[in-house]
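J.: Dock chain D against chain X, hints included.
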Amino acid sequence: MSKPSSFSLRGRKALAAIKDERDASIVRRQFDRLGIELSAWTPGAPAGAADVVLIDDDFLPLATADARIPEGGAVIVLLGTETPSRLKLVLDLDPASFLIKPLRSAGIYAALVMAFERLERNNDIKHQLAKMDARLRARRVVLTAVLQVMQTHGLAEPAAFALIRRTAMEQRKTIEQVAAELVAQGQLPRAAG
Amino acid sequence: MTKPSIPVGLLSSKSGPYQAMGREILKSALMAIDEVNDSPDFDFSFTAHVRDPGGVISEYHTACDDLIRNVGVDHIVGCYTSASRKQVLPIVERTERLLWYPARYEGFECSDNVMYVGASPNHNVVPLVRYVLDNLSRQIFCVGSNYVWTWETNRVTRELVTAADGRIVAERLLELGEGRVAHIVDEIVRRKPPIVFNTLVGSSSYDFIRAFQAGTAAAGLGIPMLSCSLCEPELKIVGPASAGCITSSAYFESIDLPENRAFVARWKARYGDDSSPSVDGQSAYVAVFLLARAVQRAGTSQVNEVRRAAAFYRYDSPQGPVWIDGDNNHCVLTPRLAVSNAQGQFDIFWEADAPVKPDPYLSQLDVAVRPSQDGRVPNAPHLRIVK
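Taken in order, these protein sequences are the chains called X and D. Heads up, the numbering used here is the position in the first sequence plus 11, with the first residue counted as 1. Heads up, the numbering used here is the position in the second sequence plus 1, with the first residue counted as 1.
Just so you know, these hints were derived from the structure itself, not from any lab. Please note that a few of the clues may not be correct.
To be verified - Sample of chain D residues at the chain X side, in silico, Cβ under 10 Å: (1) Ile58; (2) Ser59; (3) His62; (4) Ser83; (5) Ala84; (6) Lys87; (7) Gln88; (8) Leu90; (9) Pro91; (10) Gly108; (11) Asn147; (12) Trp150; (13) Asn155; (14) Leu363.
Said to hold, decoys possible - Which stretches of chain X does chain D cover? Using the computed rule of at least three CB atoms under 8 Å from a CB of chain D, they are: (15) 23-35; (16) 84-96; (17) 110-116.
Don't be surprised by glycine CBs; every beta carbon is placed ideally from N, CA and C.
The following block holds chain X by itself, in its conformation from the complex (with noise of 0.2 Å):
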């Protein structure tokens, strides 16, 4: 499935907790101009899936253990006043993105775009960080089959690692995959077919 453009925004959803009304209203008539479904939310309430949160910084701090922010959507924080005590209660919400209060029409895009964008490459390094993690994590394993190797065909380490490495090739595999399946057979594994 392709990603959606940061820059098309139509058919996202949207949580809202604002309190200023001529600053929720803005917000509404924006976001119906780029076709983006929004709901109104107070911290605190249940609340359904969303792609991008707004925050009005009146609402913090956010103290309560079920008045969390939903998860998984982008947040944005409206933000009042630019005090470092505030923009520690903001930054701990991880906010994408940022618009300054009383809300205009302009602006609101670009931090709409500005937010898709930071999530969408922060969860791009998240994935790539976990596959490394689990890389590094294998390592220990792939040690233990070139000793393996080593041993049962009498070849120095960089001659196993090379063992290794080919069949991982030739069986269109991980060098990680095939260590762990030559850890827990006590062999190297068989090309299948």
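T.: Just chain D, lined up with the frame of chain X:
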């Protein structure tokens, strides 16, 4: 010959949750406008256009819009809370008007269309906490209203205290207007902190001060209380329990300057012997005079010209010499510390020997500076003991 009239907007809440301070600001601004109009020093007069947003935040936007669009004012004196100022900010910026803002606030803002006449955080919080660290204790119990001014004041306090190897014993917050304070007083009596820093506002503060004094007296404790906001009209509201509070402010009724003695006399002649000017009210008075002097100097009420004429132009106000720092549009003021007494007044025991440049973003604050041994306050190099 009749002087030409310049309309000035006065935006202040006579009702709502902070009506007491709103009325003080209005009383002082109106007094200043009358004095400007009666003075031969000015070849124009001001016409006051009063709007009362009733403490309703969104009404500030409406009232400001009305003043600019329908009355045609270039200058507005008013707003008390930061929330109200933030409502007015986009309109004055968009329409290129000037808001003359009298209240002290938490800083971290700087608009070309606002003249910040009240104290910046380096004028009140920093000298107070430095003094306490230097002379009283490095352990502070904080109690305040749950909103941005308390958060920011506590943050600055924590930075200074921590840098001096001290400790914030506790930080207890109450919702605005909350009057149930007994549990905090009980905790204070139980834990006996050496200092309590009170950043509660309005009725919460009055309830707390009364309960704190009663609770600590019953327990035989003498714990000093600190404040950055308590003023004379509030001492009268709280009553005898308000005595003994160490307070930081640029203005006290008891300032011993000829300009202040004359100001207080005029104030009492107008509003009664029992009344007292307050720091925020006096600041509104100063704001009107800063505006009037800048208009006179510029020869026009046009905003760009007035802003230019106001910058660095010294005025010997009731609180002493003040001027607008043209670098950041905040006022240069003299920090002072005082203790409230049983007569509803403040005994000033310490003040800067020169006005201090405003630092709204605390960019010049070096929290690592340790309290000195000789009673001087670091980072406020011109402070001296006055009593």
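J.: For every hint, state whether the structure bears it out.
T.: Each hint, compared with the structure:
no., hint, in the structure
1, Ile58, "holds, 7 Å"
2, Ser59, "holds, 6 Å"
3, His62, "holds, 7 Å"
4, Ser83, "holds, 6 Å"
5, Ala84, "holds, 7 Å"
6, Lys87, "holds, 6 Å"
7, Gln88, "holds, 6 Å"
8, Leu90, "holds, 8 Å"
9, Pro91, "holds, 6 Å"
10, Gly108, "holds, 7 Å"
11, Asn147, "holds, 9 Å"
12, Trp150, "holds, 9 Å"
13, Asn155, "holds, 7 Å"
14, Leu363, "holds, 9 Å"
15, 23-35, "holds (count 3)"
16, 84-96, "holds (count 6)"
17, 110-116, "holds (count 3)"
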